[in-house]
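Engineer: Counting from 1 along the sequence shown, just add 9 to a position and that's the residue number in the working numbering.
What the hints contain is simulated information worked out from the structure, not anything from laboratory work. Check the hints yourself; a few may be wrong.
[To be verified] Restraint-style ranges between C-beta atoms, simulated for each label pair:
(1) Cys100 with Gly191: 31 to 37 Å
(2) Gly228 with Gly58: 19 to 25 Å
(3) Leu207 with Lys245: 23 to 29 Å
(4) Ala214 with Ala124: 34 to 40 Å
(5) Arg247 with Arg99: 21 to 27 Å
(6) Ala214 with Pro133: 21 to 27 Å
(7) Gln233 with Asn78: 20 to 26 Å
(8) Gly51 with Pro253: 22 to 28 Å
(9) Leu246 with Gly58: 40 to 46 Å
(10) Leu207 with Gln175: 17 to 23 Å
Beta carbons: idealized from backbone N, C-alpha and C, even for Gly.
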Amino acid sequence: MNKFLEMPCAPTIGIAPLTTGDPAYAPARVQALFDAMAPTYGFAPWLSGGMLGRWRQQLVDALHLPAENQPVQVVDLMAGGADLWPALRRCLGCSLHLTAVDFSAAMLARASRHAAGSRLALHPADALATGLPAGQAHLVTSTFGLKTLAPAAYPALAHEAARLLQPGGQLALLEVVLPTRGWLRRLLHAYLALLIPLVQRLCPAAAVHAALAGYLRRGSDPGQLRHALRQAGFGKLRQQRLWPGCAVLLTAELTSAR
Numbered sequence: 010m011n012k013f014l015e016m017p018c019a020p021t022i023g024i025a026p027l028t029t030g031d032p033a034y035a036p037a038r039v040q041a042l043f044d045a046m047a048p049t050y051g052f053a054p055w056l057s058g059g060m061l062g063r064w065r066q067q068l069v070d071a072l073h074l075p076a077e078n079q080p081v082q083v084v085d086l087m088a089g090g091a092d093l094w095p096a097l098r099r100c101l102g103c104s105l106h107l108t109a110v111d112f113s114a115a116m117l118a119r120a121s122r123h124a125a126g127s128r129l130a131l132h133p134a135d136a137l138a139t140g141l142p143a144g145q146a147h148l149v150t151s152t153f154g155l156k157t158l159a160p161a162a163y164p165a166l167a168h169e170a171a172r173l174l175q176p177g178g179q180l181a182l183l184e185v186v187l188p189t190r191g192w193l194r195r196l197l198h199a200y201l202a203l204l205i206p207l208v209q210r211l212c213p214a215a216a217v218h219a220a221l222a223g224y225l226r227r228g229s230d231p232g233q234l235r236h237a238l239r240q241a242g243f244g245k246l247r248q249q250r251l252w253p254g255c256a257v258l259l260t261a262e263l264t265s266a267r
């Protein structure tokens, strides 16, 4: 049984208020975007040429996991369709107990396809204020959600992750990024420019995915994120670019919760 289902939780908070100055990051707008994308989200692996799955596996491979046969409580923030579940399940087997947090009901409905019983709990809430019990998770993850989060929200994300983790627990964040310069950046911009019209022609219902290209071009701010994590009590930060250079994996350990 998933420990988070056994313990009393604070009331679920739908969308935490956040003023960013950029309407693209308004939580209600992001929620509506992912609700709209959910029916065609199966396009995502194809659009990435299979790289999303490879990067998720690299995240799992980078973790220091508890000894075999010990229950491992994982909270996946901005989990979408819980697409990290297969890679974690291959590694942890029946030891895995995953709580997938997302404020898009349509995306969580996709997550239910994993049919994992009590080892996969779906929790509709904002990643910045989950309402889950404190200090219970061995691992907090987030894959490909940071791009739709304004840098002003990084401190709230860092503090919520720290609140959820046990002392010494691990955090792993994964995001697609555009290189700041060079041929790879030019190639990716050209790819996005060609891909969006192609998707719109082949599957008009998937045209909503074009909005993600705008978030990619805005980009996240790794420096601000690392600062927020340190302020929240995280140490042993490690950031690495994953091949071919358009994804970043950031791992950290909770050393002194604040």
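Engineer: It remains to establish, for every hint, whether it holds in the given structure.
Structural biologist: Going through the hints against the structure:
no., hint, result
1, Cys100 with Gly191: 31 to 37 Å, "holds, 34 Å"
2, Gly228 with Gly58: 19 to 25 Å, "holds, 20 Å"
3, Leu207 with Lys245: 23 to 29 Å, "violated, 42 Å"
4, Ala214 with Ala124: 34 to 40 Å, "violated, 25 Å"
5, Arg247 with Arg99: 21 to 27 Å, "holds, 23 Å"
6, Ala214 with Pro133: 21 to 27 Å, "holds, 24 Å"
7, Gln233 with Asn78: 20 to 26 Å, "violated, 39 Å"
8, Gly51 with Pro253: 22 to 28 Å, "holds, 23 Å"
9, Leu246 with Gly58: 40 to 46 Å, "violated, 29 Å"
10, Leu207 with Gln175: 17 to 23 Å, "violated, 46 Å"
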